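Enquirer: Single-letter residue listing:
Protein chains: 2
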Amino acid sequence: MKLTTADQFLKERQNPTEETDNSQLDQTVLNIISKVKQTGDKALLDMTEKFDGVRMDDISVSEAEFAEAQEAVSDEFTVAIQTARKNITAFHTNQQEQSWFINQTGGITLGQKVTPIERVGVYIPGGKAAYPSSVLMTIIPAKLAGVNEIIMTTPPDSDGKISPYVLAAAEEAGVDKVYKAGGAQAIAALAYGTETIGKVFKIVGPGNAYVARAKKWVFGDVAIDMIAGPSEICIIADETAQARFVAADLLSQAEHDEQARPLLITTCRHIAQAVKAELSRQTERLERKSVIQQSLAQNGRIILADTLHEALDVANQIAPEHLQLMIRQPFENLANITNAGAIFLGDYSPEPLGDYAAGPNHTLPTSGTAAFSSPLGIYDFVKKSSVIHYSESALHAISQDIIAIANTEGLTAHANSIQIRKDEDDA
Amino acid sequence: MKLTTADQFLKERQNPTEETDNSQLDQTVLNIISKVKQTGDKALLDMTEKFDGVRMDDISVSEAEFAEAQEAVSDEFTVAIQTARKNITAFHTNQQEQSWFINQTGGITLGQKVTPIERVGVYIPGGKAAYPSSVLMTIIPAKLAGVNEIIMTTPPDSDGKISPYVLAAAEEAGVDKVYKAGGAQAIAALAYGTETIGKVFKIVGPGNAYVARAKKWVFGDVAIDMIAGPSEICIIADETAQARFVAADLLSQAEHDEQARPLLITTCRHIAQAVKAELSRQTERLERKSVIQQSLAQNGRIILADTLHEALDVANQIAPEHLQLMIRQPFENLANITNAGAIFLGDYSPEPLGDYAAGPNHTLPTSGTAAFSSPLGIYDFVKKSSVIHYSESALHAISQDIIAIANTEGLTAHANSIQIRKDEDDA
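Those sequence lines, one after another, are chains A and B. Per this note's numbering, residue 1 is the first one in the first sequence, and the count goes up by one each step. Per this note's numbering, residue 1 is the first one in the second sequence, and the count goes up by one each step.
Warning: the hint list may mix true and false statements.
Identical chains share a label here; the pair holds if one copy fits it or two copies do between them.
[What the hints assert, rightly or not] Below, computed lysine-lysine pairings styled on DSS-like, alpha-carbon distance capped at 27 Å:
#, residue 1, residue 2
1, K35, K50
2, K113, K161
3, K113, K37
4, K177, K143
5, K422, K50
6, K113, K35
7, K177, K161
8, K42, K2
9, K35, K216
10, K37, K276
11, K216, K199
12, K143, K113
13, K86, K216
14, K216, K37
15, K199, K42
16, K143, K2
17, K177, K276
18, K2, K289
19, K50, K113
20, K35, K276
21, K143, K42
22, K11, K199
23, K289, K422
24, K422, K86
No lab work stands behind these hints: they were computed from the structure. Computed from a predicted model, the values in this text were never measured in an experiment.
Just chain A, with the same shape it has in the complex (with noise of 0.2 Å):
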């Protein structure tokens, strides 16, 4: 992992980086997108067959295969998704909104009024890997919402079936449908509709290059959570940090992919080295050591800071998924973090922790946008009405301020249905 100073770091940021050309993707989820529409069922059978290899008839996951999954798992991961679901939802509960109203003299009421989206789609990526904890993560806090029907939709293996682990924490949240379909095939699909899968208003999970670009372009005709950009930790250590969990900690996140950001911020030159003998010695006994060390040579760094000060402002101007706060006082600093998407305090509290059972939500902004997006929560699944009432004599107390304003801007309908109230009134 390369050794940097702060200011170097920064300076690498700053220099434009290469634009990607993704017209080629572009065309291919098009295309992709547009056969959808244009054939529902039939290309998402089609497309099945051509990228996942397995000629159906049917997408719908039925009774019969729920039951085969419960039977499949084991006891201990029946167990261990109880209790991240229990915490999950004692987390998330906290941020149920309510609509409100005020009411002012003078017969003037106002109000928020708050109301669950209909119908969402999870996406769940498929392939060789599980991720039951995206399902929980995802399902759990549109449930807590109110959402009506929570259709999820993730890709079937060669011989057609979806993994146990993922069918069973689905039921264990409360999932309503599940559709064996992936890809941008199954973004379009969930955005328009088919014959099977009814359209949904909102498209959260993570996915691939294929599945995040479908989003952006079918963004506007329904809602998305956001388009997921490679993994990051950022930890930022002082001396009494503890060497081989910030190694371990920061290879949890090296494991994901060649593209995740592991990033150590330290004042210590100390901690430095001792942290980057810990990650050659720990790299050597994990499965996914190639993966690691690929991410680590390519977009690992660990930044010399001066201050604590100056790692809180590099953290801040990265703006990480996770960031780790492994110091003396990490309470004390939370007031000087002003961008990232969780932030896990002291040495006790790894990033796996929040990825699989702690309560937050795992789904999180990356690639610095934690700048300006939050973790996914009930929040994404309600939208707000705003509400108005006023009664005769309120709304003639203003109507000159009114008037006036929509004279100012040429629309003078709007003045005359203000007016057209006035000298009723005043007949």
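Let chain A serve as the given structure and place chain B on it in line with the hints.
Expert: Structure of chain B alone, referenced to chain A:
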């Protein structure tokens, strides 16, 4: 305005509308974005000459220009926007969100930290019309959210000037900087920065097709509020409604542009006829008569519903930007509204009241997106970070569950991050 039954109307909507081919527009917009990224201010100045017909040296609005604007506007206008600011501030203050923390026995602290977005860009259309109300509606919630720097861009007229009404409103709302730049080039400048304009993290505000499409393209690199479509009003009227008022309110929406959609749903054939007559009568004396006539003819509908229940159901399927309930019991029926940007209750709460002065935001989800989006609010200008602290013993208590899920997902470095802490404890 065409008369239709609810069934006919809903069937009409189900038929797939023609695909809009945006490829030409996209090419233009992507070229503009690319030029601004490459040559910054120079590109802006060149394009302002090309599109707005004025060659400028400096795009910053000076103190002197602000002072001139204050001189130029009438006292009546100043009083009106002060009233509007007061009401907008009062309403939006209720949207303030607090950070929260939960302490659990055993040494667990979980929380959600709310932080304002640091820099925000506001786009305000220019050209022939001036929209001071949009200035207030976008800047005030950003200011209340605690945004550190609010930057506004708006295209200059052919003399290189900005409307004094727009500048006076921007000052009243508390803008930090105003720049003379319009169109897709302004969106690119806000998203990626130029020598003069600092990069922002979120772009909000209305705009034409170029602006809307540019916002779609920069989305992901920055946040955006929404991609606005044509303006809509949907009025539900029963036999107690006053036809003159209903007609005036439909017309206030129709004057926006030819694409605006004025919709009336009524349970009363007599009201349908009376509103039709009033529409003709009132249109005659309105300035924007020709726009209104086109909007009514092309996009207007009077929908006859058999029952109030059916009327409400149709409205929920439309998910209108503005919904007026001009019925006997508007408050009693609020619970039955699931999709609407803003809901206006009763005879004296016409849509222009909400556009200018009541307090709620007039930046609302259009084209059915109220099914999944909210009015612009303080919540658009903050983001959340999760906070996680576990004590050593709390982590050990949950270790087995985390390791079980991590192993299921094949992420053994995640398991290692937990195991390494457990081993230390066991040793």
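Enquirer: Within a copy, between copies, both or neither: where do K37 and K276 come within 27 Å Cα-Cα?
Expert: neither (52 Å within a copy, 38 Å between copies)
Enquirer: Treating 27 Å as the Cα threshold, decide for K35 and K276: within, between, both or neither.
Expert: Classified as neither: same-chain Cα gap 50 Å, cross-chain 43 Å, threshold 27 Å.
Enquirer: Checking K35 and K216: alpha-carbon separation at most 27 Å within a copy, between copies, both or neither?
Expert: The answer is both: 17 Å in one copy and 22 Å across copies each meet 27 Å.
Enquirer: Reference check for the pair K113 and K37, CA-CA at most 27 Å: within, between, both, or neither?
Expert: neither (34 Å within a copy, 41 Å between copies)
Enquirer: Measure nothing new, just compare the shortest in-copy and cross-copy C-alpha distances for K113 and K161 to 27 Å and report within, between, both or neither.
Expert: Classified as neither: same-chain Cα gap 42 Å, cross-chain 41 Å, threshold 27 Å.
Enquirer: At most 27 Å between CA atoms: does that hold for K177 and K161 within a copy, between copies, both, or neither?
Expert: within (15 Å within a copy, 57 Å between copies)
Enquirer: If the cut is 27 Å between Cα atoms, do K177 and K143 qualify within a copy, between copies, both or neither?
Expert: Cα proximity of K177 and K143: one copy only (13 Å, versus 43 Å across).
Enquirer: Using 27 Å as the alpha carbon limit, work out where K42 and K2 are close: within a copy, between copies, both or neither.
Expert: This pair counts as neither: shortest intra-copy Cα distance 50 Å, inter-copy 38 Å.
Enquirer: Reference check for the pair K35 and K50, CA-CA at most 27 Å: within, between, both, or neither?
Expert: within (14 Å within a copy, 39 Å between copies)
Enquirer: Is it within a copy, between copies, both, or neither that the alpha carbon of K113 lies no farther than 27 Å from that of K35?
Expert: neither (38 Å within a copy, 43 Å between copies)
Enquirer: For K216 vs K37, is the C-alpha pair at or below 27 Å within one copy, between two copies, both, or neither?
Expert: Both. Shortest intra-copy (16 Å) and inter-copy (21 Å) distances satisfy the 27 Å Cα cut-off.
Enquirer: At most 27 Å between CA atoms: does that hold for K86 and K216 within a copy, between copies, both, or neither?
Expert: Neither: 33 Å inside a copy, 38 Å across copies.
When held up to the earlier numbered hints, the structure conflicts with 2, 3, 5, 6, 8, 10, 13, 16, 17, 19, 20 and 21 and fits the remainder.
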